[in-house]
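Peer 1: Protein chains in written order, with the numbering used here: chain A, 1 to 312; chain B, 1 to 300; chain C, 1 to 531.
Derived by calculation from the structure, the hints in this document are not laboratory data. A hint or two may mislead.
Claimed, not checked - Here are the simulated distance ranges between beta carbons:
| no. | chain 1 | residue 1 | chain 2 | residue 2 | range |
| --- | --- | --- | --- | --- | --- |
| 1 | A | F178 | C | G442 | 33 to 43 Å |
| 2 | A | W16 | C | E76 | 54 to 64 Å |
| 3 | C | P141 | A | G67 | 24 to 34 Å |
| 4 | B | V60 | C | P211 | 26 to 36 Å |
| 5 | B | K64 | C | K250 | 55 to 65 Å |
| 6 | A | F178 | C | P211 | 52 to 62 Å |
| 7 | B | I280 | C | E400 | 30 to 40 Å |
| 8 | A | I104 | B | V60 | 37 to 47 Å |
| 9 | C | K144 | A | L45 | 22 to 32 Å |
| 10 | A | P78 | C | G207 | 47 to 57 Å |
| 11 | B | G214 | A | E69 | 33 to 43 Å |
| 12 | B | I280 | C | E481 | 43 to 53 Å |
Even for Gly, the Cβ is constructed at its ideal location relative to N, Cα and C.
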Amino acid sequence: MVRQGVCGKARKNRLWADVRRDKYLILMVLPVVAVFLIYNYLPMLWNIISFEKYSIRKGIFGSKWVGLENFERFFSSPYCWRVIRNTFVISFTDLILGWPVPIIFALFLNEVRNVYLKRVIQTFSYLPHFISVVVVVGMLKIFFSPTSGVVNEIIKKCGGEPIPFLSSANCFVWLYVFSGIWQNFGWDSIIYFSAISSIDPEIYEAAVVDGAGRWRKMFNVTLPSIAPTIITMLILRVGWLMSVGFEKIILMYNEATYETADVISTYVYRVGLLNSDFSYGTAIGLFNCLISLVLLVGANAISRRLTDTSIF
Amino acid sequence: MRKAESRKKHHLRSNNSMASSILIYGVVIFAALITIYPFYYVIINSFSDPYEVLRRNVWVYPIKPTLMAYQELLHESEVFVAYGNTLWYTVVGTVLNVVFTVAAAYALSVKSFCLRRGVSLFITITMFVSGGIIPLYIVVCKTGLYNSRWSLIIPTLVSAYNLIIARSYMESIPYELTESAKLDGANDLTILCRIIVPVAKPIIALLAIYYAVGHWNEYFAPMIYLKDRELKPVQLYLRDILIADAASNTQQAATGNAKTVLYEELKFANIVITVLPITIIYPFFQKYFVQGVMVGSVKG
Amino acid sequence: MKKNFMTLLAVLLCMTMLAPVAVAEEYGYQTHIIGDGTQTLSILSYQNWDSAAYYDSEDGLLIENVLEEITGVNIEWECSGEVETIAQTRLAAGMNLPDIIRVPVVTGAVTKYAEEGLLLNISDYISEETTPNILKRFENPYIKAISTAPDGNVYALPYCEIGTNDIMINWGDIRVDWLNNLGLSMPTTLEEFHDVLVAFKEQDANGNGDPNDEVPLGYQNNAMFGLYCFKGCFGLSYGTDMWSVDANGKVQLDLVDSRLKDMYRMLHDWYEEGLLSTDPTNDSNNDLLSQNRLGAQTMLALDNVLTNQGIAYDLCNEAKYEYYPLLDNNGYYNGYSVPEEEKQLDKRSNGYWGYFAITTDCKDPELAVRWMDYVWGSQECQDLRYWGVEGVTYEVVDGEKVFFDSITSTPKGAISEMRALGGWPNFVGFESGEAFMGMFKGQYPEQAQKEFGGYLRDQIPVLLGTEEENEIYQRYWTDLETYIKETTIAFITGTKSIDEWDNYVAKCYEMGLDKVLEVRQAWWDRYVEMK
C-alpha cells in the first residue's frame, strides 16, 4: 500500500496542513484512540512486573527488580517445551483446517439460488456458536463416551472395538479442532457473506456474457473480490496462534491426554501461579504476546508484499 | 448439424451443472444438519425428564416432557430485572459501539489520512498485547466506573478486531464514490453520513451482530466490575445458579439425588433461556447481506 | 367506629411491616450481643449453595436472620459463585476490599496477603475478653496449628471441617444387590474383589438381559488416578493421602514407594481384562449410575453412597451400594496381609477448606474480630448454623437433638433443606460432625461409620508456610503432581511399561521431590511441636 500522506516528513507547516485537511478524520478516531490509550495501553505498563518480584504494597515502580528470573523459571520448567509445542501443534492444525471451511461454506451457500433455503441454512449454521464451551465439551463427552456414546455404539455395531476418544492422546487434537470448526464455521462465515454481498452484480453479468460457468464465476469473480477479507482474517489468525481456547482445553483434557493437550495457558492455570504469583503469570503472558507480535508482523509483511493487503 | 452439436454441448453442460448443484446443495444441507441437530438436542433435553436426560436417552424427541428445569431457573422475579439489564447493556452498548467503530473505520480507510498507518498499528497491537485483568480492573476503578453500568460500555467502546474488519470493508468501497463528493466540496463528516453509511449497510449489520452478541454473552466484566445485584446481567445471574448447583453436588454432597439428577438438565435449559433471544436477531440483519446493496447506491 | 378500627388495623399492619421481625428472641436467643443492630459488616463470599435461597435475597434466610439479630450486626452481602476470581482481582489490586473476605484457595495466599498488609492481624485483638471462643477453639492444637502463620500470628481463620472430617469416610462402594443377583458374597480380599469384578463383567449382573453393558469399576474422587487407594493392600495406608510419616518421623511420598510397583502391575492387568472403566475421568459416573450399569467405585465420600443409590433407584428399586471392607491381601501380586489392628484409612481431607480473613480496610476491626469470634468460635452459633433452630428444624428428645423429618426425608436431601434456610453455610464456618450424622439417623452412613470409623487416620497436615516454603512447594510440587498423575495413568493403561518404574522414581527426584519433601517435613515438624 502506497503511503500518500507525508506524515513522516517532519516539516511543521506541512503537518499543520495535514491536520487542517484531516480535522474531521482526526475527530473521528480521537475518542477511539483515547479509549485504547486508557483501557489498553495504560494497563500494559503492568507488564513491567514480569521483571520484578511484584509486591502489591510497593506497586509497579517500587517492587524488587529481578531481571529475567521469571522467564528463566518458565524455560527451566520440565514441561516448558512440551506446552509450547502443543500450543503450536493445536493452533496450526486449527488454522490450516479451520480457516478455509467458512470460506468454502460461504462460497457454496452463495450458489444456492433458493432464497428461503439460503436464509434458513445460514441461520442454522451459526447457532452452535452460541452454545457455551462447557456444554459443547459436555456434548462431546456424551457423543464420544467409550461406555455409552453414540459414536462408539456405531463402531461396535460395525464390529469394531470401542475407542476411548477422550482419553487418547492421539485423538485429542482432532477432536479439539473439528469440534471447533463445527462450532464456529457458520459464525466465521458471516463476515464472508457480508463481503460477498458487496460485490457488484455487473461483474457477474459480464462474466456470464463471457460464458463463465458456476465454478468459473466462483473462482474468477467471487473469490478475488473477497480476497482482502480472506487475507485479513488469515493474518489475524496467524497472530492468534498462541492463544488457544484455554477454557475448552481445561474442560476437555485429562491426565491421559496431557501429552498432547497441555498448552501454555492451561499449564499456567494448573501451576496455579497466576493466582498468587502475579509476576510469573505476567511473564508467561508477555512471552506469549511477543511471539504473537512477531507472527503478526511477519504475516502482515509477507501479505503486503505478495497480495497488497495488510492490516497496518 | 451445428445445432445438434450445440444441443449436445448444452446437454453436457447441464449435466455438469446438475452434478455441481448436487455437490453444492449436498454440502450446505449437510452443514445445516450437523449444526442444527446439537441445538435441537439441547432443546429437547431441556424439556425432558431429568432421569432420561442423565441416562442419555433423549435423542429424537423429548421424553416425559417437563418444565422442571425452567421452574428452577426462572422461579424468582429477579431474573427479569437481570434480563432488563442485559437488554440495556446490549442496546446501549451496541449503538455506541457501532457509531464509534464506523466513524473510526472510515477515517482509517481514507488513504490520504496522515495518521492512518500509525493509528492502525496502535490499535492492532492491542489485540495481541495486554496487561491482563488486574491492571485493567485498577484502571476501570480509578476512572470511576466501578459498580456502574458504564463499566461494561466504555472500556470496550471499540473492538480492535471489528474495527479492522470494518476498515477493510470500507477500503473496498470504490474510490470514485467519495471522490466526486469531495470535488463538490463535501467534508469527511458529510461523506461518512451521506455516502459511506448507506453503502456500508452489510458491514454495519455485521458489526451490530458481533457487538450485540458480545454484550449479550458477557459475564466476566460484569462479574468483576459490578457489585450491586440490581445491575447484574442475566448471564451472571444464571451462571450463579448453575455454580451453586454444581457446588452443592460436588462440594459436600449429602444433597439428595433429586438435585444431582436435575443439574444435567439445568445446563441445557440455561442455554435455551440465555441463547434463544439473541439467536433471533440474525434474521433481522440478514436482509442486509443480500447482494446488490452497494450497487443500488452507486447507481442511485 | 368502623373507621377507627380500620385505621387501627392499618397502623398495626404498618407496624408489623416496618418493625424488624425479632424472631431470634422468640426462639429464646439473647440478641445484640456484639453490636446494637446498627453496625454493618460486608462479606465477600460464595453464594449459598442452594440456588433457591440466596444469602442476599430480600427477606433473608431464617438462620442468617437469626444470626444477625443475635450478633446485632447486619451483614452486607456480596455473593457470587466465582468469588475466587473476584477476591483475587480485588486483593491483587488492593481495592474495594470488603470487611471480611474469603482468601482464595491457593497455597500460600494467606501468608502472601498478610505480608502485603492486606489482612488484619487478628492476634492483636485476641484476648480472654474479646475472643473467648477463639481461644477455646485454639485449645485444640490442630486448629491452632492450621490457623497460625509461621510468624506466630493469626491472620485468617480456616473454614473448619474437622467435625465432619472426623467421621467422613472415603472408600469404595459396591452394588450389594448385584452380589446377591450373582450369588456372590462381599469380597474380603483383593483377589476376591477381582473375582467379583470379573463376575460383574462376564455375567448379567443387573439382570437386564445384556451381559455386556456392566462397567465393573468406576472412579469418583481423583478419577482413575484415585485407584492408588488400593495401596493399603500393599502395606501402606488405605485411601486418599499420598503422604505418610515413617517410624522415624520422616515424611514420605507413598506414590514412589517400590511396593506400589506390584499394585500398578495388577491394575494394568485389570485394565486389560476390561474391569476398569475406560473413561479416566469420573464424568460418565452419573450416567452409568442412572443407567444401572456401574458395579463398584473407588474413593466415594460417605454421604454420596446414598446419593448413588438414589440415582440408580429409579431404574432398579433394589439398588444398594455399600462400602466393601478394607481388603486383605494374601500374596495376590506379592501383596501383604496387613494385620487388622494396623489397617489405616486416610481421612478425606486436611479438615479445613479455605480461610476467612478481616481486611485492613475494615473500619471497625474490633467489631469484626468479635463477630468472627462468635460466629466461628461459639458452640451456640455452631448449633444454630448446623442444626438450625429448635422447633423449626430439630427437636430435643431425651437430651439429644433430632432433625425433623421435614429436613431429613425429602428428595432434595438434608443438607440442601438446611441450606435453603441459611444453614450449612459456606462462609466463616465450623462444621458440626454431630449434626452431619444427625441427618443420617438409622441410615447406611451410620452403620458405615461404626464399621470404618475406627480405622480413620489424620492426613499429614498442610500448614500456613513461610513465603519461602510456599514458593518451593508451588514451584516443584505442581509439576511433580502432573508428572505423577500422568505416569500413574500411563502405568495403568499400559502406555508406559511398569519396567520403567525406576526411571519414574529417579525422574521424580530430578524434578525436585527432595525439596518438596523438605517443606512437608518442616510443616510436619512444626505441627508435632505445636501438638
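Peer 1: Hints first: check each against the structure and report whether it holds.
Peer 2: Cross-check of the supplied hints:
1. F178(A) to G442(C): 33 to 43 Å: violated (52 Å)
2. W16(A) to E76(C): 54 to 64 Å: holds (57 Å)
3. P141(C) to G67(A): 24 to 34 Å: violated (43 Å)
4. V60(B) to P211(C): 26 to 36 Å: holds (27 Å)
5. K64(B) to K250(C): 55 to 65 Å: holds (59 Å)
6. F178(A) to P211(C): 52 to 62 Å: Distance hint for F178(A), P211(C) is violated at roughly 35 Å.
7. I280(B) to E400(C): 30 to 40 Å: Violated - the Cβ-Cβ distance for I280(B) and E400(C), about 59 Å, lies outside 30 to 40 Å.
8. I104(A) to V60(B): 37 to 47 Å: Since the Cβ atoms of I104(A) and V60(B) sit about 30 Å apart, the hinted range of 37 to 47 Å is violated.
9. K144(C) to L45(A): 22 to 32 Å: Since K144(C) and L45(A) have Cβ atoms about 43 Å apart, the given range 22 to 32 Å is violated.
10. P78(A) to G207(C): 47 to 57 Å: holds (50 Å)
11. G214(B) to E69(A): 33 to 43 Å: Between G214(B) and E69(A), where Cβ atoms are some 38 Å apart, the hint holds.
12. I280(B) to E481(C): 43 to 53 Å: Cβ of I280(B) to Cβ of E481(C): about 47 Å, so the range 43 to 53 Å holds.
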